[in-house]
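Protein sequence lines, in the order shown, are assigned to chains A and B. Quick note: the first sequence uses our numbering, first residue 1, plus one each step. Quick note: the second sequence uses our numbering, first residue 1, plus one each step.
What you were told as hints is all true, and nothing was included just to trick you.
Derived DEER-like restraints, expressed as beta-carbon distance ranges:
1) 13(B) <-> 213(A): 41 to 49 Å
2) 191(B) <-> 212(A): 41 to 49 Å
3) 271(B) <-> 230(A): 14 to 22 Å
4) 157(A) <-> 17(B): 35 to 43 Å
Because the hints were derived from the structure by calculation, they are not lab data. Idealized CB from N, CA, C, for every residue including glycine.
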Amino acid sequence: MFKDRVEAIGLVRAPTGATETGGYHVTVDTEKRALSPDDLIAACEAIRSEYQKDYPFRAKEILSQDEFPRLAAGKRRAFSGGDINHRFEGERYINNPDKTTRRHQLRKLVDEGGETSVGGEKVAHPLLSRWEAYAFGVSDEEINELEKGDADPQILISRGWRVAMDRYQHFSIAIGSGMVGEGGTAMHSAELLEAIDRDRKRFQEWGVPDIERALMNRFEHAGIDIEHADFNEEIVRRFCTTPELQEQLLHVFELRFQMGAGGGM
Amino acid sequence: MSQTPYGPEDLAVPPLSGQEFLSLLSEQYEQKMSEPPAFYKELIAGNLSRDALQAWVLDQYYYWDHLYFSTAAIYIKTNEHAIRAKLLRRLVWVEGKNVVRDIRPEWSTPAYEELFARLGESLGVTRQQLAEWRPYTRTFFAITTLCMYSRAWEWTWLDGIANLYASDLFYVGVLGQVRDALSAKYGVADADLEFFDAVLGDAKENIAWEEEVLAHWACTTERQLLAARALRERLDIEGQCLVPLAEVAAGKAPFQAPAGAQIPVLVGNEITPVQA
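Generate coordinates for the entire structure from the input sequences, incorporating the hints supplied.
And the structure:
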């Protein structure tokens, strides 16, 4: 049981009963000392292990062109209401009072917002997402309209929570929440890159135009997320240092999994 | 601040063309800044004591050290992709071009606050003095207002661009004269004036794209009314930061914020050392 696992760490206790969603409510006993950085990371990873029992990690791979309409629909949904990358990454940046790591987060903003902004070559991640969508048959004009339009209701509330969390939580929690997505990508980087290679071959067979651009979004994340994941963990180790912050981090860690579980809440 | 909303009669007036709107902003800048603020007039005339110059460095450092916040707040609000890239570039300039030296090895310029601290050292201000400085209360209020207006709902993203435009017009219009005066009348070496070269060069580049954005996107009467107000508000904020320094130059001792006072929008992100 997850509950037993986190209690076994010796520093986290779970209240009686499960939440209405069936998840476990994890809390840090504030009468106890803060977790050590290693124990805190272990507690986060215990949450990941528990969620992955029901929602195991699978590297994205496209086995048939018949999947394109479904993938296009997913992309349209993701574009609805506009891109939020700059919002959540920006919120994480602006709240950090530590000059050195704040500027490290700014460097990450440049990764995400495009090295082209400072005269480099790599484009912004929202543009990578567009390139990926073109391969599935979504047009630029369609994306432009989707970005001005209403968000899909589920996207509205899940991104609403995400941006609020990044804005109002302590910066160590907001940045630490990146351990869920980027941390997961970093763990499975090799697997993801292999799947991209297989898709590249299939795309060639299917005559998909601009294959490198179509795969660049996944390729970039499979690589760069490793460095980002290390940074996220460093911030947690250095700045998520009180029982109260650690309790909040564990809550956020769990909510981020619930947001993405089973194809995306 | 808490203005009542514009009504149908205000908004029935058709919007100005892009160029007309820029001309209006230029007129409003001139109305607010027909001459430099009192402290800078004295500085430019060569009338200030060493003590007054040191007080300027100490108090204005607080401004430059917090500039990242109001700049980033507008970045976060801006959903238009091409404009956001310009804002990201601007943020890198504020925080130091050297942040992206792996992409641009020739970019070695540090943060504005660091360059300003170096200027301060040439005028006899130590790093410890900068770290321990309690800003003048009026400056503290002004920067708090700038941070809140940028961060929260008071300014839209386009108002935010107008506010940045105002700051760039102010830097180019006034700081260039300050630089020349420090060199010619106070004997500051050119090598110690790098701060001005960086800020003025960047501001000129910013003004070009900010004018394009304002001419294109301030395309309704309401957007124009609000953006023009944001421009005037930023100029007032800039001016208010210099009022206590004029008092210092006149031999007075303005109020200072209590030691450790925090800008309210920054509260909640304290750093607690790891327990042993």
